[in-house]
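Asks: Keeping the supplied structure of chain A fixed, place chains B, C and D upon it in accordance with the hints.
There are 4 protein chains.
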Amino acid sequence: MTKPAGLIEKIGEDTHPTSTTMKALVYQGQGRRAWQERPRPTLIQATDAIVRITTATICGTDLHILKGDVPSVTDGRILGHEGVGIVEEVGSAVSNFSPGDKVLISCITSCGRCDFCRKAMYSHCRDGGWILGNTVDGTQAECVRIPFADTSLYLLGPAVDEEAMVMLSDVLPTGFECGVLNGQVKPGDTVAIVGAGPIGLSALLTARLYSPAEVIMVDVDGNRLEVARSFGATQAVNSSDGKAIQAVMDLTGGNGVDVAIEAVGIPGTFDICQGIVAPGGRVANVGVHGKPVQLHLEKLWAHNVTITTRLVDTAATPMLLKMVRSGQLQPGKLVTHRFELDEVMKAYDTFGSAAKERALKVVLQNL
Amino acid sequence: MTKPAGLIEKIGEDTHPTSTTMKALVYQGQGRRAWQERPRPTLIQATDAIVRITTATICGTDLHILKGDVPSVTDGRILGHEGVGIVEEVGSAVSNFSPGDKVLISCITSCGRCDFCRKAMYSHCRDGGWILGNTVDGTQAECVRIPFADTSLYLLGPAVDEEAMVMLSDVLPTGFECGVLNGQVKPGDTVAIVGAGPIGLSALLTARLYSPAEVIMVDVDGNRLEVARSFGATQAVNSSDGKAIQAVMDLTGGNGVDVAIEAVGIPGTFDICQGIVAPGGRVANVGVHGKPVQLHLEKLWAHNVTITTRLVDTAATPMLLKMVRSGQLQPGKLVTHRFELDEVMKAYDTFGSAAKERALKVVLQNL
Amino acid sequence: MTKPAGLIEKIGEDTHPTSTTMKALVYQGQGRRAWQERPRPTLIQATDAIVRITTATICGTDLHILKGDVPSVTDGRILGHEGVGIVEEVGSAVSNFSPGDKVLISCITSCGRCDFCRKAMYSHCRDGGWILGNTVDGTQAECVRIPFADTSLYLLGPAVDEEAMVMLSDVLPTGFECGVLNGQVKPGDTVAIVGAGPIGLSALLTARLYSPAEVIMVDVDGNRLEVARSFGATQAVNSSDGKAIQAVMDLTGGNGVDVAIEAVGIPGTFDICQGIVAPGGRVANVGVHGKPVQLHLEKLWAHNVTITTRLVDTAATPMLLKMVRSGQLQPGKLVTHRFELDEVMKAYDTFGSAAKERALKVVLQNL
Amino acid sequence: MTKPAGLIEKIGEDTHPTSTTMKALVYQGQGRRAWQERPRPTLIQATDAIVRITTATICGTDLHILKGDVPSVTDGRILGHEGVGIVEEVGSAVSNFSPGDKVLISCITSCGRCDFCRKAMYSHCRDGGWILGNTVDGTQAECVRIPFADTSLYLLGPAVDEEAMVMLSDVLPTGFECGVLNGQVKPGDTVAIVGAGPIGLSALLTARLYSPAEVIMVDVDGNRLEVARSFGATQAVNSSDGKAIQAVMDLTGGNGVDVAIEAVGIPGTFDICQGIVAPGGRVANVGVHGKPVQLHLEKLWAHNVTITTRLVDTAATPMLLKMVRSGQLQPGKLVTHRFELDEVMKAYDTFGSAAKERALKVVLQNL
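Residue numbers (my numbering), protein chains in the order written: chain A, 59 to 425; chain B, 59 to 425; chain C, 59 to 425; chain D, 59 to 425.
Since the hints were derived computationally from the structure, they do not count as laboratory data. Check before you lean on any hint, since a few could be wrong.
Copies of the same chain are indistinguishable here, so a pair counts whether it falls within one copy or spans any two.
[What the hints assert, rightly or not] Quick list of in silico lysine-lysine cross-link-like pairs, DSBU-like style, CA-CA up to 35 Å: (1) 414 to 177; (2) 391 to 357; (3) 414 to 357; (4) 391 to 125; (5) 391 to 380; (6) 177 to 404; (7) 404 to 357; (8) 244 to 391; (9) 380 to 177; (10) 391 to 177; (11) 244 to 349.
The following block holds chain A by itself, in its conformation from the complex (with noise of 0.2 Å):
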């Protein structure tokens, strides 16, 4: 039930005395971070939850923002949105949480009330969407303040694998939402994904849900196609000579595609998908992209396909969360490397040279 209006709840600072400041990662404009001192966040509107973090993670967009790509990130932001964590403090107007739960924190913002919410396209929300770590301080950090937390926390029991969890604030429900819901994976389809980082992992780890009868993986990355084989794929194609669309063609005999995946956000990627696409198939983009691509419809037009893009919702949290507590579902796969959340910056570091490093994930703990 709503609590009483008219008071904001003190409960979570005499719980936790903590001092008025923090530590976190800190967006210095194009090519700069630093990990600084910074006021620990408060509650500002009623439905606010502040969060400590236990653990999180980073994203392959935090490394666009530093290069400067995101413009709508500025100086001084706490970049991150992706998070698990302990509530400290809500709202006189949050009824799903209280102060010592544990809570997955999504990557998306739902206010729950507007339009898009409404039709649960949460990417669109009229006063949230991806705002964490852009437009609004993000995740990490020891504390964030959480807009809208009854529509944009998923409680988590106490005694969970938080790595593995951690997946679920983006990089899982991106892969299946914008890959498999948009693409349509059903049972017996033959499947292409074309690109083996995290979030083309994250779609083949959530394709297998619907069992496909195939799923090749596209990379140029020798180690990632052997992740990808040790995931589920059942072929795997390098890409790195240029000929992915022929050996694609080759392995279906002719037919392409039922589904093809583009999980990297470059054109030459875009273009191998609706180079193997079959007539009826589709093509599901996951990838950002930051320049335009051709769209072959003097080939296309008659070729009864689907093209679909989406930022992900977060719809289909819930549901992610039951298959990994039931542990069909095994997102911390995705981990390669561990780091104290004081160490961010070497993580950073090591994310930022993923192909060296050979890392997929980087989980940050602050347990």
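Replies: Quick look at chains B, C and D alone, frame taken from chain A:
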């Protein structure tokens, strides 16, 4: 944006310096109702709004309550779950509405943050659902408290046809969601609607949004069948001779119907539906049933049929509002009688003798 | 029931003791066509039917063929893939039709037994698809051989409006399947149709089966926009000033449209579609494209949009037939000019100057 | 390509110069069956094929026939609607198969050209449906005539596991289409399957293609429940104490199940299903019912549930074949007993005492 927490706005009180009491239609135990003085409602939760009723109406369910058939309704309850009005006050956590807004009240209250609400199944909201005029005081009064206002009210422009709009509180979304959407009416379908009361006629009006080739209306009341024809039914079957199944089969060349919508709530009308549904067809139950029915699985097991039930979710209300605004849907046609709000006792008498009075929807005005 | 194998029925020959030749419109290489004497077609396969044409029409694709844009069409080919006629003869394996039946000829030939046909994707039938007037002789002739007659013809009653029905050979199912179905038009939607030629107007007529709240028609031809308004478009945008995107955004309060239907087939019109689609919306391509388009994934990747392409399957033809029979769909309105079949050379001239002649569909009669 | 009409191919006869008689299992009126000499079948229609049976099996429906419960089966009928074999002869209109091909026989015959077949609802094919071993002679014989061979047989490679494949004639598509597809099983769902016989276990095997979080198996037979656990059921409920509803509600924290699959066909098991389905859930009936059931609409009318029935269409057979070939589906696990074809009388005895013999599927071999 969310308003600052910590206070309850009192704006409404200044502009409406009304007394602390109001008049309301109160249930007084089986068979008894009264138009009584009652305390004017006040904000209880930060998510509440107080709405002054300008237009209300009476539902068949209200008659069921009066018969004592709905045990959740206790003595002293103000009845009514349909209404249009003016917002007088909003709690501190309400962000979508302000005092002075004209609003449509949904018969279903939705918290917006439970698992059912996140699936748009508001009818089963864990803190809401059908509560107005049931477990909390309702709309047949000068004023009503609306819980979870942000997700249970809809903004209307100042100059709307309130009579048409109040049909969107319950009857129109019920016919549409439970009958038309669940029945999956498609262009070219042959549809039968069993029951030509306000709900069946609402199913008829909204079925036409999907352009069925034929709509066969079935009822025992010749007057209602005539109304159905004027609303676009292509055939009318008077079932008072007990031969409706044969009549519908004859009209469909022995094939039966693609969709049979049950809009009465008794075994006999459900029997008609299961007797006329074609292989591959759908039976969409809308009626409120008081006892079990016999389902002829010995015939239907191999018939590839789908039978659905549903308590209206009012998830379609935004779409229905658009269609009324665009002039393509005219639910005001359902209104046959009008009374001042303080004539509600007389309005109940009329509605209670619907066949004799040729009544469909009876509107209460307090402009 | 299937007819006994082992003989080809010759019933037709007795009742139509016509000569062994006929007149037909023949493609003679780029830019050249002639009305010529040709051998009358005869049964080749047991699944064939011979149909005497009573009504035919000319498609924009026929003009493309004449320009030499369709390399699969070779010199000497009889053009035309649309028609209504009378069955003269059927092969021994044809069971659905008999000589004397009036039939609609589908532009898509379907074998009914390949993997694509079993998925109702007849456009990609392994022995059929679009072959009439392309890889086998077509319908702009006194007679035509129809392969796989059982699954490529539709029975019409003797007393039908042939002008209306011949629209169901191609243009109406194309607008409906590729535009309306792929665009998932729903009640309450805002739809834009870019291109008000026969295909775009077919999309308009059939979009209305799903009751969109608004249909915005975009074209450079004022006359066609007027026709669109008379067919039910709620807004018309003349795009000749190059500002169509801004105009549509203004008409939609900056939101964009739920569905954008591309019915021209050039980069400029596809650009309008991708510029006006709202988050969560669909772009349904209907136009035949001759070159690639630029797809703005740098904007659309996070826009949750769906882009579809399709060669018409004519799977919706039975439904469209029902709607025409019920009077709710009036595709005869598309017909602006009528010629005798043996005036087909003149008919091509008129259709080839469609804008000047204010021509939409040009019908050829041989009753 | 279609073969020239005008002759029936006799290729088969040369390579199999067998006698004109064969042995077959013949129904001889209620309670009686015999292994008899019968005329070898010959081609009747141009669309027929003659198939020599190499593997067959017995269905629960065959036992129903023997009890006299299926009036369409008359004395002298050869039983059986499941089988794998070698094509011996094909009619002149058969294009997908040639003598020597190893094929799977579908229990459902599909003409491919009626309205139901065009909607992939082959169960209701106007010239087919379930006719084998019902209204035409069936597969428990050395040879069988298969009508509409092109659309009723599936090509198998020469080196297949026939035991696994024969499960695709009926039991696996039945469990999948009627149970899993109609029940709309989704990743994360909680599914209950009531009945752990071959059909219920087929629903279990194929439900797992959609990765439900939990599958609760309900039966009165402890042995079958053990088998179910070994097939992946996460919970087993022995319903012999009459308390299955309570047990399932307890296992689901009082929520009930998302999908309840009825795989027995009696009122008691249907009652369990309607007692355990959660709001918003689906009841998918698979069982063959001999009498009506009571449907508790007085409770379910407001429960937002969907109840479906279906005679298997075998539209999913191509997908199931792919899954068996990919090794992800292993229906051979259902086979508990093997007999030579000429031991079919004994095989019936065993299958008729399934509980005592711990029999699931009993296979007949004639390799």
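Asks: Next step is simple, just say for each hint if it's right about the structure.
Replies: Each hint, compared with the structure:
no.: 1; hint: 414 to 177; in the structure: neither (42 Å within a copy, 43 Å between copies)
no.: 2; hint: 391 to 357; in the structure: between (40 Å within a copy, 32 Å between copies)
no.: 3; hint: 414 to 357; in the structure: between (39 Å within a copy, 31 Å between copies)
no.: 4; hint: 391 to 125; in the structure: within (28 Å within a copy, 56 Å between copies)
no.: 5; hint: 391 to 380; in the structure: both (17 Å within a copy, 28 Å between copies)
no.: 6; hint: 177 to 404; in the structure: neither (41 Å within a copy, 41 Å between copies)
no.: 7; hint: 404 to 357; in the structure: between (48 Å within a copy, 33 Å between copies)
no.: 8; hint: 244 to 391; in the structure: both (24 Å within a copy, 23 Å between copies)
no.: 9; hint: 380 to 177; in the structure: both (22 Å within a copy, 16 Å between copies)
no.: 10; hint: 391 to 177; in the structure: both (32 Å within a copy, 30 Å between copies)
no.: 11; hint: 244 to 349; in the structure: both (31 Å within a copy, 32 Å between copies)
Figure legend: structure checked against the earlier numbered hints; hints not met, in rising order: 1, 6.
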